[in-house]
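Trainee: Below, each chain spelled out in residue letters.
2 protein chains.
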Amino acid sequence: MSPATTPAMTTRTTHGGDAPEVDVAALGELLLGRWADVRRQARALAANPDMHKIEGLTHTDHRARVFGQLQVLVREKAVHRAFPARLGGGDDHGGNVAGFEELVTADPSLQIKAGVQWGLFGSAVLHLGTAGHHDKWLPGILSLDIPGCFAMTEIGHGSDVASIATTASYDPDAGQFVIHTPFRAAWKEFIGNAALHGEAAVVFAQLITKGVNHGVHAFYVELRDPATKEFLPGVRNHDDGVKGGLNGIDNGRLCFTNVRIPRTNLLNRYGDVAPDGTYSSPIASPGRRFFTMLGTLVQGRVSLDGAAVAAAKVALQIAITYAGERRQFTAASDVDEVVLLDYQRHQRRLLPLLATTYAASFAHETLLAKFDGVFSGAQDTDADRQDLETLAAALKPLSTWHALETLQECREACGGAGFMAENRFVSLRADLDVYATFEGDNNVLLQLVAKRLLADYSLEFRSMDIGVLARFVAGAAADLTLNKTGLRQVAQFVSDSGNAQKSANALKHEATQRRLLTERVQGMVAEVAGALREAAKLPKDRAAALFNDHQHELIQAAHAHAELLQWEAFTDALGTIEDAGTRRVLARLRNLFGLTLIEKHLDWYLMNGRISMQRARTLGPYINRLLAKLRPHAADLVAAFGYGPEHLRAPIASGVERERQDEARDHYRALRASSGAPIDEKVLLLRKN
Amino acid sequence: MSPATTPAMTTRTTHGGDAPEVDVAALGELLLGRWADVRRQARALAANPDMHKIEGLTHTDHRARVFGQLQVLVREKAVHRAFPARLGGGDDHGGNVAGFEELVTADPSLQIKAGVQWGLFGSAVLHLGTAGHHDKWLPGILSLDIPGCFAMTEIGHGSDVASIATTASYDPDAGQFVIHTPFRAAWKEFIGNAALHGEAAVVFAQLITKGVNHGVHAFYVELRDPATKEFLPGVRNHDDGVKGGLNGIDNGRLCFTNVRIPRTNLLNRYGDVAPDGTYSSPIASPGRRFFTMLGTLVQGRVSLDGAAVAAAKVALQIAITYAGERRQFTAASDVDEVVLLDYQRHQRRLLPLLATTYAASFAHETLLAKFDGVFSGAQDTDADRQDLETLAAALKPLSTWHALETLQECREACGGAGFMAENRFVSLRADLDVYATFEGDNNVLLQLVAKRLLADYSLEFRSMDIGVLARFVAGAAADLTLNKTGLRQVAQFVSDSGNAQKSANALKHEATQRRLLTERVQGMVAEVAGALREAAKLPKDRAAALFNDHQHELIQAAHAHAELLQWEAFTDALGTIEDAGTRRVLARLRNLFGLTLIEKHLDWYLMNGRISMQRARTLGPYINRLLAKLRPHAADLVAAFGYGPEHLRAPIASGVERERQDEARDHYRALRASSGAPIDEKVLLLRKN
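Residue numbers (the numbering used here), protein chains in the order written: chain A, 1 to 689; chain B, 1 to 689.
Simulated from the structure, these hints should not be mistaken for lab results.
Bear in mind that the values here come from a model prediction, so they are computed numbers and not experimental data.
Just so you know, not all the hints are guaranteed correct.
Put simply, identical chains are the same to the list, so a pair is met inside one copy or across any two.
[Unchecked claim] Under the rule of at most 25 Å between Cα atoms (straight-line distance), these lysine-lysine pairs were calculated in the DSS-like manner:
1) Lys77 x Lys688
2) Lys682 x Lys537
3) Lys370 x Lys451
4) Lys688 x Lys540
Produce the complete structure using the sequences and hints provided.
Mentor: Have a look at this one:
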């Protein structure tokens, strides 16, 4: 179903006077972005009740249901987009991810199980294998005749893939690799499809031939006999059982005891072994080879970023609809027409999350375009790949945490009703919880971003001549001294702002927000880089200790960088809006995003003399006024997300609340009109006195 | 099992040199507090596997299991403590709540279902009924022969109990009350035991007699025929189905269509109706009567506060144990002995939560003593009851939110393993989620606290003579002007702190922390009171709008007040510790709590000139050093919580992680000692170059 046909999308609320109006349909198109058609198709598919999560199933029944749903995805041709045209695919990487993301509204288990089969298992065969592998296995993978696993993570190595312990030792006499799990910590863990459905796996293992370990490579390993579904000799598993969410996926452990596979089952795009055991690779550096192989994993991070944004949209569309209807009028007087969303606290709880969701949505569109450029080959230099990695590592942590925060705040803002599974929040939150730690733990990803920020920073250093460097360092030191009291900036701001109004107004300027957000990233990176400068001269252990002493700051700097990226994406999108009313409202929403970021980090701005105390004191009240101005547009702003009742499926957002209130109001009205209404004891007492 | 017999409790870790040591056993006793024996009994009961939650049950099976567990509680005499001695109880209110709290480690559903039966349903009969009611119903309630409901909340009225719409109209001819649900929004909602097990209910309804509505009263209503278990005529229900957690409880809705009950089923301690329909009450004011009746509900808030603290302790004991064992050493070299908890970020994530848990635990002990004083009658003035209400309303929001934050951070800090239900975090988090909005929504409770803070503030106003008032207002205005730039304080701090070390040291002083935390509460209340001063002169709607404009600030002020209460409780407890080593470590932990609070609100301190920019910049590094100092004691500090493996029941905290690592290390050691170890390609390349 096209979102344009849902009633909410065609609404244009009039707020009277010269108040701006939002063109909901046009804004909806902007949000759908470059892959709007694919998103619409995927939403139509996600609207099918057969694809919906049923709450309260046992994990056994849920797993069976989701496996059945994957068959529907195959029938509906929803899983082929990223694969080569010659195998029935669409060579459409961006579209594939966009479609995948929208499945979250049906059931996140369905989404992630599809991700395991086609985004990880199939994708590994596609990107790490070569034509022979494609011909042999991709048709079965696409048709789900071969349900498979992506067996990379081990119990022991955590996020450190280079250190996995499973070995693939080449036996030249047999022309086979021997896949082996040397100890318990080397069991593959949390592997989707490993408990029940997986019949084959791409197994990551240390490739050893002729006494040399060539590092991690991927191997295609059959797990079960396709006829009997029994495990093949040497393969064992363990069922991970019940999880915090995503219980429609059969995660488990896999163990290999000297399992022999043909030499040609090595997915050999980036490294191969000749029959005699000679290793060869198109990439000479083992480090670079490893990162190239892992580079295909970025797709998972990109997808989770988008899925998290979609879940946040659904949550806000439900909670804001409810907050616009729910009122707590009293029996005694039905004149109190205030709905929840009229309360400042409720606005403070929900509208900044709405602004962040817009920012994350626009930022995701940027990421998806970058991803498509690299994976389509259109823009696929080393620099592009590095930028893509960094962008994904920056945005995925923020959006997945944001989704959890939004789902939780929405659930609490709807009180007990928010806790009922039928209203979606708790169910989505449970399922999305793990998005914060899989496909790259959020804290680890932010450290990757920080590393990149530092590298860029020291690259500047290296490209400067000594004179400039000396000046730079001196300048930085001087700056730090000033920041110790921040007197320079304070003096400046104090002199420029005699009245609070003017002071607050400056903060709403795009240029001011950009400057403040940028300065914070630069300032934090410069400060931590300064502190780490001596690390290069220290012995390894002391250098590590020095880095550890600044780990928290490094992660904060990366976080600040990611926030700036979101703000920039929002601002860029704002520049493309033609409708004046929509642009005015969206500019306020962008301001709300920028200013709540500045408010969140106000201590940094104050402590470093970037904002005066006087101006800082105007920020909270200014944000409160902005909330009041945005409140009339809240319904339009969530309507533009374009999800229909078939996606929301929350009774509290169905209009039933309003109906019940109307019924109650009619009851009291009729009662007052009758002679049967009791008098309140309090009123009686007042009359007596 | 007594926690003193678990190995963790008897550990005294030696850290070498003159580093302080924690006396774990003594600290454990301090944490167990005044009702240590009851807690030990309850923990022994909670250790029984029959009482444990089984993950992955359907809600139907879970409900049946929990109902069976309630029978065990009856058999084990764990539910009688709060009831009168003449009915087999113990007249022990504090002990009853302490014991209840500990059940959370077994299964929060069991805890809350017990709370519904004895803490709400039975408690209402006890506190709102009179001797005849006690004799007639309490024996059956205690023995679970009468499973019952506490039917207060309605769909429509939310947190506004005074406005519930269910009516109890007296019919003098029949000598009966007619209980009636006038419209859908008046259905009782989220009622525990309403879907399946409840056979009777205490129903809250507007008492109407002789044409006068005397406000909300409680009525004992039989729901089902005790023999057939069929609903009695006029009673209907609806099953709330699956929830975000607590699925062992059968929540549902109840509707009454002209259900007739005997006049004597009115629980008539605070209001009665004579056979002729004449109303009488020992409390003349309807408002005061209502709040007196509702006062008994505070027990629920007190219990949730303690249960939340217990859940946070379990989570931290699991996560910190794991973080002290889990290391990510690489295959290439096994010399990297760093465990997760050695990472600064990991310390930053977990240790402040540990400090807050200690603070919340000591604060809860204060609340429980206050509760026991009031409910035992030992200290039961109006002022005591008001203080109890305010204290509960302040602490319950912070501890329940803290539990959710802690469970989530622990779950993420344990990565994928944290997401497995067997490791407890996700399961406890799902169950505790609703603690934030039931028994008083956290945001609503904080507004009650804010109201009280304002009342105390304006009481000062009222008791002053005009001259003093004028001076006070002038003084406040002057203070605000100064705070606009904060120059006075900045100047003061800047002059007092030439070096960063001295500046940071000042923050560790108890007096400094107390002053800063207190000043923030006072400053915020004074500021918002100043802004609201004119409300009294405004028309009602404009006054409401003015309050709404400051709602967020009011809630923040209440939050600050509650944080101060926690800090004070921690500091008071610190004063009672005799062992020097324990006191030193706990003082650091209290400092960590105080300083992370100040760091969290650093923007306020800077913006109001209470901390200089220079000193503010020393805070983060100082906290980081404090974390490093506390890190060696982390294991002792969680061991002192005293939960054994039978309470933790988390494989990741069982030692299996260490075993697996030892096995892996032995493997690599043996491999290196053999001639069969492969050479790393990178090493080979280095040798060539």
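Trainee: Does each hint fit the structure? Answer for all of them.
Mentor: The hints, checked one at a time:
no.	hint	in the structure
1	Lys77 x Lys688	neither (77 Å within a copy, 52 Å between copies)
2	Lys682 x Lys537	between (80 Å within a copy, 24 Å between copies)
3	Lys370 x Lys451	within (20 Å within a copy, 52 Å between copies)
4	Lys688 x Lys540	between (86 Å within a copy, 24 Å between copies)
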